[in-house]
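**Q** So the chains spell out like this:
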Amino acid sequence: MGGRTRRVMGVAVVVAALGVSPHIGRAAGGPAMVELGSLSTLFGAVPFDHAKHAGLAGDCAECHHHTLGGAPVKENCARCHKANQPAKSAACRECHPAERFEAGYMATVAGNPQLYHTGKPGLKGAYHQKCLGCHQAMGGPTGCEDCHSMTEKGEAFYRTGKYAPAAAPKKGGH
Amino acid sequence: MKKIDRRNFLKGGLAGSAAIAVTGTAATAKGAGTFGGYPNSMGVLVDLTKCVGCRTCEAACNKEQGLPEPEKPFNDTSVFDEIKHGQKRRTSEKAYTVVNRYEVEGREGGPVFRKIQCNHCQEPACLTSCFVNAYTKTPEGAVVYNPKVCVGCRTCMVACPFYIPAYSYSSAINPVVKKCIMCYDTRLKFGRPPACVEACPQEVMVFGKRTDLIKLGHQRIKENPGKYVDHLYGENEVGGTSWMYLSDVPFDKVGFDTHLGNEPIISYVKEFLTVVPMVLTIWPALFTGFHLLSNRKEALTKEEETKG
Amino acid sequence: MNRLVGRGFQPIASHVKPDGTRWSVKEKLLLGLTPREYMAVQVRNPFNWLLWLIYAIGLPVLVGRFIYGLGWATHGSYDYPWGLFLAWGLFTMVPLSASGFMMGTTVELFGRKDFKPIERLGLLNGLLGYLFAVMFLQVDLGQPWRLIYPMFVSLGPAAVLFLVAWHVATYLSCQVAELVPAYAEWMGLPKAKKAIKSIVLGLTVAGIILSTLHQGALGALFTYAPGKVHPLWYSSPFQWFHFLVSAIFAGLSMLIVVSTLSKWFLRWRCDDNFKKNLDTLTVGLAKGAALALITYLVIKVIGIAHDNDWEYLFSGWGQWFLFEMTVGVIVPLVLYTMAVRNDSAKLARFSAFLAVFGIALNRLNTALITFNWKLYQEIPHWREVVIVITVYATYIVVYRAVLARLPILYTWKERN
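Residue numbers (my numbering), protein chains in the order written: chain A, 1 to 174; chain B, 1 to 308; chain C, 1 to 416.
Don't take each hint at face value.
Said to hold, decoys possible - Pairs of lysine-lysine, DSBU-like flavour, derived with a Cα cap of 35 Å:
1) A:K130 with B:K94
2) C:K374 with B:K72
3) C:K413 with B:K297
4) A:K88 with A:K120
5) A:K120 with B:K88
6) B:K84 with B:K148
7) C:K194 with B:K302
8) B:K307 with C:K194
9) B:K302 with C:K113
10) C:K113 with C:K287
11) B:K84 with B:K50
As the list claims (entries may be wrong) - From chain B, some residues computed to sit far from chain C (all C-beta separations above 10 Å):
12) F35
13) F80
14) R107
If you are wondering where the hints come from, they were derived from the structure by calculation, not from laboratory data. In this text the structure is predicted, and so the values were computed from the model without any measurement. Note that the Cβ used here is the ideal one computed from N, Cα and C, for glycine as well.
So here's chain A without its partners, still in its complex pose (with noise of 0.2 Å):
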């Protein structure tokens, strides 16, 4: 083979390692869109645009703590996991649970002593109070509707929509 042709290899061999691997430091942007569904009963999935936040966001660990490998954004945490290596996800429903006063996994919580995070929260809670908390910081969308609309499940639950109670409102009461 030439040194020509090698060269040209080598850097198609980059580009293409650059391209194929999503994982590696904070050039690479990961999915572009999201679907968050997996808790969807009152409201529909969230239509999550990743690549749009990665780019606000700037560093992975606003939102992914450690788990992509670098350092985390607040200093208390990286007291610990500075030099982390790359969890096996850095999807939020991996170390989030689902359920997070299911019994079975309060008495995990409960019988490691050694564990620090016992105020983890769930996978909904890990979700509004990472997302609303930025969103209120920085003026984004604060309202429930603004990223996942309501089922119609949830207009039952609200009594909102067609479920709405009649319109005038009884007079007394205490």
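Mind docking chains B and C on chain A? Use the hints.
**A** Here is chains B and C on its own, set in the frame of chain A:
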């Protein structure tokens, strides 16, 4: 002049004392010491810094407890502007929990939202004031109510320092007290968290063992220096409650009564309750003594009269 | 009736008519008048016109309370669970009915037989007051048919109200028993009278014990709400004692008031024994009331000092408190003392009316007016007022009916 005939006195005294004996022994209070709570009782830690006032908890409670249709939809935030008798919203016969909004000057994150519901006290005032034993402090931590024995005296409503119990005044046939029971019948009994806790999107509330939650609350305060007010409301108030609160603004600014003290309400009544057995034991002898003394005087006067 | 007696009519005072035949029960009930005469007397009486008006308005409202519920009849709310039915009917009427155990103790226990002419009136005042307090309670309870639950179905013995319930029930029985002699005389049942006489000391001691505790317990009920009653009306250690001591002068003052009203409006029924001794007895009652008043005043001041509530005296509520203490305690105290000094039954009577007003004000303040002083003020529903007036009118009607018949204001003449 009536002679003290031992037989007659005993007859009368026995009749009276028999009735009193039943009531007397019944009214003694357990003496010193407070009830520290059942060892494994559950509780809920409410972090006010996380609540955004979405009212999902209210909707969840309504559904779980089969409460009637509300006046406004649960996602209607205009309820936060409702003022009645100069007061914000409170629990009612149709709503076991409500959320209120508090505008706090200088707070960067906007208004504070507070969820109100029965605090499931360790030594509940409602329970200690009920003369038909309608309330029970369950080992799981919930304070539950038995509508089958309630007479409707409403002393529990007078006693509750948090103004929680509501009464179904609208019913003529079966008016009963209405309040949060921590979803005991449908969830807590089976080890599951109350509906409001599970429904909350922001995970404002953490469900767990009360003793663990106290540790968690203080840990959060410690790990976020300057964020929270260094006080876990409900840890000690009125003897301790199962529902405890963390806040980043002073508690009295968001509707909490900070003058309740750490004594359970029953402590204020114990002074009288200890008088009861004293009266029951001292009065008979004391007043019989008075009678003997006054009779003696009369007897002496009579003797002199007959002599003379 | 006063007019009739003025014309020479003799009210029944013994088992036999002037011609020697026995009165029948029906005749006794109709006061010895023919049915027509009796109706005429009732129709002529202007007070009865007022009563008919009260019932015309009040009876439908009272019935309505049971059909439509408390929400319809009261302003009872979640913040203000107790309203006028309890504040007046229970908390005010019970101390005013303390004359029962006061007179029983005075005459039977302390041997003060000089008070015998007024003893039965005191006992009746006590019995009817408690009976109607229970009536008011039944109107107020959410489920009045469950009244016996704390006795037989589900007991909550640690509660103060448990003590109140048991004591009021037991004490009512005591008071009924104490009045059996009067009834026995009227109906001609000598054995019943003898039976009660043999246990009267036991009954009296039981009455004192029960009264001490439940008068105190009514006060202790408010210790369940330490932050809700205004500090000037609240004292954790002394609340029960305030209510007990004030009940003493309340009962005595109410007895003076009732005896005065009997003297004025039931003149025909009072015999010479009653009329001649009444003024002296009134002054005697005033003595007892004065002692209780000064005791109350001192313990009230100590209560304020104990909780260091002096600052509150300078607030708006403080002025209201000072008004209550002045008109309801200090002025009656001074007037009673003067009445005793000058042997003036008239002054004692005026003072008694003030003292009764003061008690009513104190109980209404504690239970309703200063309750929730940090929140808003609750005004009772007009239906509550109507019902209270209606039930109280019934109390007066029953009172009058008993006084007109049983040997309370007069002495029964046994067969010679």
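**Q** Give a verdict on every hint.
**A** Okay, the hints, checked on the actual structure:
A C-alpha spacing of about 33 Å is found between K130 of chain A and K94 of chain B, which places the hinted pair at or below 35 Å, so the restraint holds. Taking the CA atoms of K374 of chain C and K72 of chain B, the gap is about 29 Å. The hint holds against a cut of 35 Å. For the proposed pair K413 of chain C and K297 of chain B, the alpha carbon gap of about 30 Å is at most 35 Å, so the pair holds. Only pairs whose Cα atoms come within 35 Å are accepted, and K88 of chain A paired with K120 of chain A is accepted, the gap being roughly 18 Å.
With a CA separation close to 33 Å, the supplied pair K120 of chain A and K88 of chain B stays within the 35 Å bound. Of the supplied pair hints, the one linking K84 of chain B and K148 of chain B holds, its CA atoms being roughly 31 Å apart against a limit of 35 Å. Simply put, K194 of chain C and K302 of chain B have alpha-carbon atoms about 23 Å apart, close enough for the 35 Å limit, and the pair holds. Among the hinted pairs, K307 of chain B with K194 of chain C is consistent with the structure: their alpha-carbon atoms are about 30 Å apart, no more than 35 Å.
Our distance criterion of 35 Å between C-alpha atoms is met by K302 of chain B and K113 of chain C, whose separation comes to about 14 Å. Among the hinted pairs, K113 of chain C with K287 of chain C is consistent with the structure: their alpha-carbon atoms are about 16 Å apart, no more than 35 Å. Only pairs whose Cα atoms come within 35 Å are accepted, and K84 of chain B paired with K50 of chain B is accepted, the gap being roughly 27 Å. With a cut of 10 Å on Cβ distances, F35 of chain B stays outside the contact zone with chain C, its closest approach being about 12 Å.
Listed as a non-interface residue, F80 of chain B keeps its Cβ farther than 10 Å from every Cβ of chain C; the least gap is roughly 19 Å. With a closest Cβ-Cβ approach of about 25 Å to chain C, R107 of chain B is found to remain outside the 10 Å limit, as its non-interface label requires.
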